[in-house]
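Asker: Listed here are the chains, written in short residue letters.
There are 4 protein chains.
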Amino acid sequence: MSSTVAPRPPARRRRLAAEERMRQIIEAALIEFSEKGFTATRMDDIAARAGLSKGGLYAHFKSKDQIFETLLFKVLSPSFNNRKWMLDDGDTLAEVVDAFIAHTYDRVTDPDFIAALRLLITESHRAPHLVDYWRREVLDTYLKEQQTMLEHCRARGLVRHSPLTQQAELLMAPALYAAITRMIFGEEATQASLKDLRRAHAQLLMELLEPVEA
Amino acid sequence: MSSTVAPRPPARRRRLAAEERMRQIIEAALIEFSEKGFTATRMDDIAARAGLSKGGLYAHFKSKDQIFETLLFKVLSPSFNNRKWMLDDGDTLAEVVDAFIAHTYDRVTDPDFIAALRLLITESHRAPHLVDYWRREVLDTYLKEQQTMLEHCRARGLVRHSPLTQQAELLMAPALYAAITRMIFGEEATQASLKDLRRAHAQLLMELLEPVEA
Amino acid sequence: MSSTVAPRPPARRRRLAAEERMRQIIEAALIEFSEKGFTATRMDDIAARAGLSKGGLYAHFKSKDQIFETLLFKVLSPSFNNRKWMLDDGDTLAEVVDAFIAHTYDRVTDPDFIAALRLLITESHRAPHLVDYWRREVLDTYLKEQQTMLEHCRARGLVRHSPLTQQAELLMAPALYAAITRMIFGEEATQASLKDLRRAHAQLLMELLEPVEA
Amino acid sequence: MSSTVAPRPPARRRRLAAEERMRQIIEAALIEFSEKGFTATRMDDIAARAGLSKGGLYAHFKSKDQIFETLLFKVLSPSFNNRKWMLDDGDTLAEVVDAFIAHTYDRVTDPDFIAALRLLITESHRAPHLVDYWRREVLDTYLKEQQTMLEHCRARGLVRHSPLTQQAELLMAPALYAAITRMIFGEEATQASLKDLRRAHAQLLMELLEPVEA
DNA sequence: AATGAATGAGAGTTCATTCAT
DNA sequence: TATGAATGAACTCTCATTCAT
Numbered sequence: 017m018s019s020t021v022a023p024r025p026p027a028r029r030r031r032l033a034a035e036e037r038m039r040q041i042i043e044a045a046l047i048e049f050s051e052k053g054f055t056a057t058r059m060d061d062i063a064a065r066a067g068l069s070k071g072g073l074y075a076h077f078k079s080k081d082q083i084f085e086t087l088l089f090k091v092l093s094p095s096f097n098n099r100k101w102m103l104d105d106g107d108t109l110a111e112v113v114d115a116f117i118a119h120t121y122d123r124v125t126d127p128d129f130i131a132a133l134r135l136l137i138t139e140s141h142r143a144p145h146l147v148d149y150w151r152r153e154v155l156d157t158y159l160k161e162q163q164t165m166l167e168h169c170r171a172r173g174l175v176r177h178s179p180l181t182q183q184a185e186l187l188m189a190p191a192l193y194a195a196i197t198r199m200i201f202g203e204e205a206t207q208a209s210l211k212d213l214r215r216a217h218a219q220l221l222m223e224l225l226e227p228v229e230a
Numbered sequence: 017m018s019s020t021v022a023p024r025p026p027a028r029r030r031r032l033a034a035e036e037r038m039r040q041i042i043e044a045a046l047i048e049f050s051e052k053g054f055t056a057t058r059m060d061d062i063a064a065r066a067g068l069s070k071g072g073l074y075a076h077f078k079s080k081d082q083i084f085e086t087l088l089f090k091v092l093s094p095s096f097n098n099r100k101w102m103l104d105d106g107d108t109l110a111e112v113v114d115a116f117i118a119h120t121y122d123r124v125t126d127p128d129f130i131a132a133l134r135l136l137i138t139e140s141h142r143a144p145h146l147v148d149y150w151r152r153e154v155l156d157t158y159l160k161e162q163q164t165m166l167e168h169c170r171a172r173g174l175v176r177h178s179p180l181t182q183q184a185e186l187l188m189a190p191a192l193y194a195a196i197t198r199m200i201f202g203e204e205a206t207q208a209s210l211k212d213l214r215r216a217h218a219q220l221l222m223e224l225l226e227p228v229e230a
Numbered sequence: 017m018s019s020t021v022a023p024r025p026p027a028r029r030r031r032l033a034a035e036e037r038m039r040q041i042i043e044a045a046l047i048e049f050s051e052k053g054f055t056a057t058r059m060d061d062i063a064a065r066a067g068l069s070k071g072g073l074y075a076h077f078k079s080k081d082q083i084f085e086t087l088l089f090k091v092l093s094p095s096f097n098n099r100k101w102m103l104d105d106g107d108t109l110a111e112v113v114d115a116f117i118a119h120t121y122d123r124v125t126d127p128d129f130i131a132a133l134r135l136l137i138t139e140s141h142r143a144p145h146l147v148d149y150w151r152r153e154v155l156d157t158y159l160k161e162q163q164t165m166l167e168h169c170r171a172r173g174l175v176r177h178s179p180l181t182q183q184a185e186l187l188m189a190p191a192l193y194a195a196i197t198r199m200i201f202g203e204e205a206t207q208a209s210l211k212d213l214r215r216a217h218a219q220l221l222m223e224l225l226e227p228v229e230a
Numbered sequence: 017m018s019s020t021v022a023p024r025p026p027a028r029r030r031r032l033a034a035e036e037r038m039r040q041i042i043e044a045a046l047i048e049f050s051e052k053g054f055t056a057t058r059m060d061d062i063a064a065r066a067g068l069s070k071g072g073l074y075a076h077f078k079s080k081d082q083i084f085e086t087l088l089f090k091v092l093s094p095s096f097n098n099r100k101w102m103l104d105d106g107d108t109l110a111e112v113v114d115a116f117i118a119h120t121y122d123r124v125t126d127p128d129f130i131a132a133l134r135l136l137i138t139e140s141h142r143a144p145h146l147v148d149y150w151r152r153e154v155l156d157t158y159l160k161e162q163q164t165m166l167e168h169c170r171a172r173g174l175v176r177h178s179p180l181t182q183q184a185e186l187l188m189a190p191a192l193y194a195a196i197t198r199m200i201f202g203e204e205a206t207q208a209s210l211k212d213l214r215r216a217h218a219q220l221l222m223e224l225l226e227p228v229e230a
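For the protein sequence lines, the chains are L, X, D and P, in the order given. This note's numbering applies: residue 17 is where the first sequence begins, and numbers increase by one. This note's numbering applies: residue 17 is where the second sequence begins, and numbers increase by one. This note's numbering applies: residue 17 is where the third sequence begins, and numbers increase by one. This note's numbering applies: residue 17 is where the fourth sequence begins, and numbers increase by one.
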């Protein structure tokens, strides 16, 4: 409309850049915090990994704690944590179990997931409100959904009644075992045993869920 | 007349045998390190809990790192870690499973065990040699022993062949799940679910190990 | 109403170019180290004299040792140490000797020179590589140059052959004596004797260098 | 006199032992202090070298400062410092000079003398009263005696009038140069040049003291 | 007289945070 | 918005000195 070209884009651009910067900082913080723990991580470490100077962090977050809270909030949000596995990803039990196992062990080998879990174990006491919220609103909800789905499957005759169908936690406990092992011993040292465990885990699910033949 | 600042009496000096003092320091360090992590724990914290002054620690350990190593060494030694569960604690499968569950969940609710596990997860990278040693010499040995015992039980007809008998880790995976839950959410918040999980865990073992009736 | 403890205003923060600040720190360190010795000098002392806070030092040097090494390196560099005396500063022996004595005793009364010499005597063992280098590349070179010049003068008939012309160290030994005396007893206590020594030193040179009359 | 043998000796013995201990401690302190300086020397260092425990030192000296003062007092006492060279150790000038040079360079290579001199240079400010006393009562006295002796020799026609006979310091200045060189560069590195300097020093004395032939 | 565990006052160093540029 | 020098509090560690044994 106006004859001169108004220099608008930069304003919008800057906001975008700021958001992008914050994403980079949070990503850097996730790695650093989960590798070394909150206290042992220095603002310099985060800054270096995010590609700016220490002072620069304070343009985006007002303290180390705030970075941590923001990070944990993101890590605990449903979108980060729960790209859910759908029990009806298949028609036969074998297909369902395969899909579940594949999905579950993908997560266990996902560095971001390991980082998040480690953070949760080592530093959750720093933000009890977030952890409480997450437990109630995210984790329990997720477990309940699985429970519901399991019952639905049972109704369809896909699975039988078993301890697993009553405590959904049992479904993934072996995968958590694998994750913890990786945390303690490292990726390389646990490669082989991960495969064995995964196979046995799948068999366990089959054996416990397979409907009894009449 | 009297000064307002009460100069606290100069803290009774208690001289202990070096050995006894070292034990107290290590005990204090276990609690502090596992509660706050290595870096966030101050020498003052350990000293206060051990009942001496900060400087006094250095009469027994030459650095914070050395306290940590000594502690981890102790925590990873077989005697600390493996009061083993004997599969033949009973004649019927129900008795064996009950004994195993009782033993396993005792450990999960033992503060020292939780502390040690947390230390292992959060700080094992500080002493890779110790962790390597522990994995090879202690953990793997333990798993192998369990495997042997399971096979023995199978020979006796006490249990049947199942994924559990091939991967001994599966036996206790649900208990580890409970332990991690406690670490993240605290003791109080997980009281109830612990019971449910324990019961389901026992059922799972029964169902998977019970010999098929002819 | 007002509190009794006056919270001193937070010490104007003065940001300087890194190079300039480093120069000030090294200058401060020279004074402090040579006055009190390396160990007895506190980082606070250096900081206070350099006009910044203790922590600020670490933006420029990574340790007390590094400050010391940098300082010693500078102090031992030819430019600091050897504004050389030229033997041809005059045409008659008297002029040459006068120039030498003037130059030499200027140094002996120069606080920076005394400071450097004291540092060398008391703390040289902290940086043997620097001292070795200095001896080979600076001091010996300097002595050799003097030797050469002396021979040149002898050829010109300005001086005669004497022990002094063979061991250039003898030329300045009395001045070193004066310097050491000042170090031990202080400036005030040695004012008078310095003059006497200087005069006798000059006479000694004249007597030993004067060509024998045919 | 008495019929039973009174256990007397131990009392006397203990006193002797205590004196002996103190000598050992002072000797240890001389080495340690002169090697590392007062501040950098730990009570443990002295104790170890003296062959007892840190706490044991306090049975003999009430503080580190007191050890230092006692040590310096001893080191500055005439008996330690001045086994004097007698100018009449010979009948010809050559004999006198040889004796002086031999005596002087013996001292320069005596570790105890070097240690004492180093102590004086580096730590004299810690006990100004002792140093003042020493200068007035010991050093100046010594120089005056030498002066007197020189005049006596001159009267005998053994030496001629020269700058050396007016400033006795000049007599030994080159030896001090050698001592300082040893302090800075160490014994090994100065072996060779010490010989050269010593020879030139002797020649210098001969040339300056030899009576002019009629 | 001797030991060595214990104290407590600092020392050097680190680091979250601030601020001049 | 970004930099990095500067601050100051808090940390680990040291060491002269004390004291229970």
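Please note: incorrect hints may appear among the correct ones.
The list cannot tell twin chains apart, which means a pair is met if one copy fits it or any two copies do.
Heads up, simulated SDA-like pairs for lysine to any residue below, C-alpha to C-alpha not over 25 Å straight-line [as the list claims (entries may be wrong)]: (1) Lys90 - Gly67; (2) Lys80 - Asp212; (3) Lys70 - His145; (4) Lys90 - Val228; (5) Lys52 - Gln82; (6) Lys211 - Ala33; (7) Lys70 - Met38; (8) Lys90 - Ile137; (9) Lys90 - Ala205; (10) Lys160 - Gly202; (11) Lys211 - Met165; (12) Lys211 - Glu161; (13) Lys80 - Ala218; (14) Lys160 - Glu204; (15) Lys52 - His168; (16) Lys80 - His145; (17) Lys80 - His141.
Derived from the structure by calculation, the hints contain no laboratory data.
Asker: Now look at each hint and say whether the structure bears it out.
Answerer: Against the structure, the hints come out as follows:
With identical chains, the CA atoms of Lys90 and Gly67 are at most 25 Å apart within one copy only, with a shortest distance of 21 Å there and 36 Å across copies. In this assembly of identical chains, the alpha carbons of Lys80 and Asp212 never lie at most 25 Å apart, being 41 Å within a copy and 39 Å across copies at closest. In this assembly of identical chains, the alpha carbons of Lys70 and His145 never lie at most 25 Å apart, being 28 Å within a copy and 34 Å across copies at closest. In this assembly of identical chains, the alpha carbons of Lys90 and Val228 never lie at most 25 Å apart, being 43 Å within a copy and 48 Å across copies at closest.
Proximity of Lys52 and Gln82 under a CA criterion of 25 Å is satisfied in both settings, with 18 Å inside one chain copy and 19 Å between copies. For the identical chains of this complex, Lys211 and Ala33 are neighbours neither inside a copy (42 Å) nor across copies (50 Å), given an alpha-carbon limit of 25 Å. Both within a single protomer and between protomers do Lys70 and Met38 lie at most 25 Å apart by alpha-carbon distance, with minima of 13 Å and 22 Å respectively. With identical chains, the CA atoms of Lys90 and Ile137 are at most 25 Å apart both within one copy (16 Å) and between copies (22 Å).
Proximity of Lys90 and Ala205 under a CA criterion of 25 Å is satisfied inter-copy only: 23 Å between copies versus 30 Å inside one chain copy. Taking the closest pair of Cα atoms, Lys160 and Gly202 come within 25 Å of each other only across two copies (21 Å); inside a single copy the shortest separation is 32 Å, beyond that limit. Taking CA atoms no more than 25 Å apart as the test, Lys211 paired with Met165 passes between copies only; the shortest distance there is 23 Å, against 27 Å inside one copy. Only between protomers do Lys211 and Glu161 lie at most 25 Å apart by alpha-carbon distance; the minimum there is 21 Å, versus 28 Å within a single protomer.
Taking the shortest alpha-carbon separations for Lys80 and Ala218, neither the intra-copy value of 42 Å nor the inter-copy value of 45 Å comes in at or below 25 Å. In this assembly of identical chains, Lys160 and Glu204 lie within 25 Å of each other by CA distance solely across copies; the values are 21 Å between and 35 Å within a copy. When the C-alpha separation of Lys52 and His168 is checked against a cutoff of 25 Å, the pair qualifies neither within a copy, at 43 Å, nor between copies, at 44 Å. In this homomeric assembly, Lys80 and His145 come within 25 Å of each other (Cα to Cα) only inside a single copy, at 18 Å, whereas the closest approach across copies is 32 Å.
For a Cα distance limit of 25 Å, the shortest separation of Lys80 from His141 qualifies both inside one copy, at 15 Å, and across copies, at 23 Å.
The earlier numbered hints that this structure contradicts are 2, 3, 4, 6, 13, 15.
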